[in-house]
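With chain W held as given, fit chain E onto it using these hints.
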Amino acid sequence: MGKKLFVFVLVLGVYLLHQDFWNWKKPDLVFGILPIGLAYHAGYSFLAAITMAILVKVAWPKHLEDVQPDESIQGKTIDRGH
Amino acid sequence: MIPVIVLGIYLVVVAYIGSVAFRRGKENTEDFFLAGRSIGPMVFFLSIFATNMTAFAIIGSSGQSYRQGIGIYGLMASSSGLVIPLSIFFIGTRLWALGKKFGHMTQVAFFRDRWECDSIGTVIFTLSAVMLVPYMIISIMGGGIVLQDISATKGSAPLIPYQLGCAIVAVVVTVNVFFGGMRGTVWVNIFQTILFLCFGFVAVAVISHAVEGGLSEYMTKLAGNVKTASLLTREKMPERFFWSYTLIPLSSIMFPHMAIMCFSAEKVTAFKRTVIIYPIAIMLIWLPCVFLGVIGAQLIPGLKDPDGILLQLLAKFAPAWLAGLLGAGIISAVMGSDAHQVLALSTMFTKDIFTHYGGREKYGEKGAVFFARAFIVVVTAVAYFIALYLKEKQGIFEIAVRFAFSGFAAMAPVMIAALFWKRSTKYGALASTLFVAGCLVFFAILQNQHKPNEVIWTVGEGANAIKMFALAPNGDLRFWNGFMTVVPMVIGSTICMVLFSLITRPPSAKTIEKYFWKNLKTS
Numbered sequence: 116m117g118k119k120l121f122v123f124v125l126v127l128g129v130y131l132l133h134q135d136f137w138n139w140k141k142p143d144l145v146f147g148i149l150p151i152g153l154a155y156h157a158g159y160s161f162l163a164a165i166t167m168a169i170l171v172k173v174a175w176p177k178h179l180e181d182v183q184p185d186e187s188i189q190g191k192t193i194d195r196g197h
Numbered sequence: 310m311i312p313v314i315v316l317g318i319y320l321v322v323v324a325y326i327g328s329v330a331f332r333r334g335k336e337n338t339e340d341f342f343l344a345g346r347s348i349g350p351m352v353f354f355l356s357i358f359a360t361n362m363t364a365f366a367i368i369g370s371s372g373q374s375y376r377q378g379i380g381i382y383g384l385m386a387s388s389s390g391l392v393i394p395l396s397i398f399f400i401g402t403r404l405w406a407l408g409k410k411f412g413h414m415t416q417v418a419f420f421r422d423r424w425e426c427d428s429i430g431t432v433i434f435t436l437s438a439v440m441l442v443p444y445m446i447i448s449i450m451g452g453g454i455v456l457q458d459i460s461a462t463k464g465s466a467p468l469i470p471y472q473l474g475c476a477i478v479a480v481v482v483t484v485n486v487f488f489g490g491m492r493g494t495v496w497v498n499i500f501q502t503i504l505f506l507c508f509g510f511v512a513v514a515v516i517s518h519a520v521e522g523g524l525s526e527y528m529t530k531l532a533g534n535v536k537t538a539s540l541l542t543r544e545k546m547p548e549r550f551f552w553s554y555t556l557i558p559l560s561s562i563m564f565p566h567m568a569i570m571c572f573s574a575e576k577v578t579a580f581k582r583t584v585i586i587y588p589i590a591i592m593l594i595w596l597p598c599v600f601l602g603v604i605g606a607q608l609i610p611g612l613k614d615p616d617g618i619l620l621q622l623l624a625k626f627a628p629a630w631l632a633g634l635l636g637a638g639i640i641s642a643v644m645g646s647d648a649h650q651v652l653a654l655s656t657m658f659t660k661d662i663f664t665h666y667g668g669r670e671k672y673g674e675k676g677a678v679f680f681a682r683a684f685i686v687v688v689t690a691v692a693y694f695i696a697l698y699l700k701e702k703q704g705i706f707e708i709a710v711r712f713a714f715s716g717f718a719a720m721a722p723v724m725i726a727a728l729f730w731k732r733s734t735k736y737g738a739l740a741s742t743l744f745v746a747g748c749l750v751f752f753a754i755l756q757n758q759h760k761p762n763e764v765i766w767t768v769g770e771g772a773n774a775i776k777m778f779a780l781a782p783n784g785d786l787r788f789w790n791g792f793m794t795v796v797p798m799v800i801g802s803t804i805c806m807v808l809f810s811l812i813t814r815p816p817s818a819k820t821i822e823k824y825f826w827k828n829l830k831t832s
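Quick note, the sequences are listed as chains W and E, same order. For the first sequence, our numbering gives the first residue as 116, with consecutive numbering after it. For the second sequence, our numbering gives the first residue as 310, with consecutive numbering after it.
Calculated cross-link-like contacts (lysine-lysine; reagent style BS3-like; alpha-carbon spacing at most 30 angstroms):
no.: 1; chain 1: E; residue 1: K576; chain 2: W; residue 2: K119
no.: 2; chain 1: E; residue 1: K625; chain 2: E; residue 2: K536
no.: 3; chain 1: W; residue 1: K118; chain 2: E; residue 2: K410
no.: 4; chain 1: W; residue 1: K118; chain 2: E; residue 2: K409
no.: 5; chain 1: E; residue 1: K410; chain 2: E; residue 2: K731
no.: 6; chain 1: E; residue 1: K823; chain 2: W; residue 2: K119
no.: 7; chain 1: E; residue 1: K545; chain 2: E; residue 2: K776
no.: 8; chain 1: E; residue 1: K823; chain 2: E; residue 2: K410
no.: 9; chain 1: E; residue 1: K576; chain 2: W; residue 2: K118
no.: 10; chain 1: E; residue 1: K409; chain 2: E; residue 2: K671
no.: 11; chain 1: E; residue 1: K409; chain 2: W; residue 2: K119
no.: 12; chain 1: W; residue 1: K177; chain 2: E; residue 2: K409
no.: 13; chain 1: W; residue 1: K172; chain 2: E; residue 2: K581
no.: 14; chain 1: W; residue 1: K140; chain 2: E; residue 2: K613
no.: 15; chain 1: E; residue 1: K409; chain 2: W; residue 2: K172
no.: 16; chain 1: W; residue 1: K141; chain 2: E; residue 2: K545
no.: 17; chain 1: E; residue 1: K410; chain 2: E; residue 2: K581
no.: 18; chain 1: E; residue 1: K675; chain 2: E; residue 2: K335
no.: 19; chain 1: E; residue 1: K731; chain 2: W; residue 2: K172
no.: 20; chain 1: E; residue 1: K819; chain 2: W; residue 2: K177
no.: 21; chain 1: E; residue 1: K731; chain 2: W; residue 2: K118
no.: 22; chain 1: E; residue 1: K776; chain 2: W; residue 2: K140
no.: 23; chain 1: E; residue 1: K731; chain 2: E; residue 2: K819
no.: 24; chain 1: E; residue 1: K545; chain 2: E; residue 2: K702
no.: 25; chain 1: E; residue 1: K409; chain 2: E; residue 2: K576
no.: 26; chain 1: W; residue 1: K118; chain 2: E; residue 2: K581
no.: 27; chain 1: E; residue 1: K409; chain 2: E; residue 2: K335
no.: 28; chain 1: E; residue 1: K410; chain 2: W; residue 2: K172
no.: 29; chain 1: E; residue 1: K613; chain 2: E; residue 2: K536
no.: 30; chain 1: W; residue 1: K141; chain 2: E; residue 2: K613
no.: 31; chain 1: E; residue 1: K823; chain 2: W; residue 2: K177
no.: 32; chain 1: E; residue 1: K823; chain 2: W; residue 2: K118
no.: 33; chain 1: E; residue 1: K675; chain 2: E; residue 2: K409
no.: 34; chain 1: E; residue 1: K625; chain 2: E; residue 2: K700
no.: 35; chain 1: E; residue 1: K671; chain 2: E; residue 2: K823
no.: 36; chain 1: W; residue 1: K140; chain 2: E; residue 2: K536
What the hints contain is simulated information worked out from the structure, not anything from laboratory work. None of the values given here were measured: they were computed from a predicted structure.
The shape of chain W in the complex, shown without the other chains:
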């Protein structure tokens, strides 16, 4: 599986997991205190963090780390002063 496809499937899969229709009407409590719908989405927040960690690992735009100010536009760029 190509890297781009992996990233696409990963992001799409995690995005779809946000729609937990199976918990919609469940009033169960986790550990007797946390409603299951809330516990699921708290867990989802961790999943989102793990997903981002994976993206940083496999899809980090490393080439951007070397970007330097463009010498040809020094002193006359749109922002630095026209």
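The following block gives chain E in isolation, referenced to the frame of chain W:
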């Protein structure tokens, strides 16, 4: 009195940090607006997080959970916990690189250069400013109300009346931004973010300890009561509404203050830690607030204005210093985002209008910084007087802010096309922007002319009828049997971008080469 003292200490600390930042600053716009592009990784995270967190994360989340239950967390927090870091990862890093390479300080400057067109930048600038101003006004209003509520004692007038509360927020933000610029704002953000990240769990721990029988007993009572059991589920939340809301966090990176923050990082590696911690940080704030909001429905039932539930819970179950800490946490959230909004507006006006139309050439770099500072004073003063004299119209500004979120979300396709699609053209961007502006006006008129629960336009008949436009019970406009209006706006904006780009002449080869040099290719 104790909460007011705690708040007083907090405000003095904020003003002091701003003054220290002022002494470190240099008199040029890059330093004033972007802290010289020198923000390190941890400060970058704390600051970008504070930029995005408003008082709603604490007050609104608990109030909404009191009304609608636990679904608010999935609706607003966990969806943002995925979509915002994704947008920072894919869009924020590229914006940073373009800012570093070409010196851009705002998205408008990037759009102007990317599409070789002045007017597209001016149109996007106008729309962004119009959508951002109500947000700033509502921040000052929110601050005034919080200070008034926290300083209120039973049977007597509040120590800090609304007018004074708004003035305190406006003055502290102005002083902080005026003197410290971006550096002062982000230094204060460090203090603010730590404060409101700590607040939630301290509040849960203290209230849990104070409540007889523990919170678990009250949660069981909530589940056993037919009137409140729905708060533990999403029974009252339509699925289409829940799904559509996942598009709203796309707005985050399009808010000028968030995009400008992306330009301020010293290295692109600062984004790494930010995107990973971001979902957890959102959870640390939202989970305790949503939980306390729901439990509040059992502990203090029947509130007419549930937005005050946290304050009431703390007043009843926690020591006064914690109420002060809560006040400081809320005010942190208000000021953290407000300061960035003010600074962003000032940056945009100075760079995209003043400098762009020759002001810097005429008045020099120091003149530009002077203009920026003058603008900060004027815009905050105007926002303060609007907050003062239109207090009763707060609902209008709240609606405007909700529209702004949809509007900025629908502008995301423009940014994505600019960064990743070589064939995108200024006409595509212009069509997309005008479509978004048109939708906002049209939807605002529809919403204003009809009443809650009213069906405006139906297609078909009987059981298969589609409610194309209808108002929800809270008065918000819904599309196609319950989708939020952000759905047609994002789809329409994307179609406009693609269609008008394909039928118009592409940007010059020189521009394509400039913006799609090998280092900007997607990884």
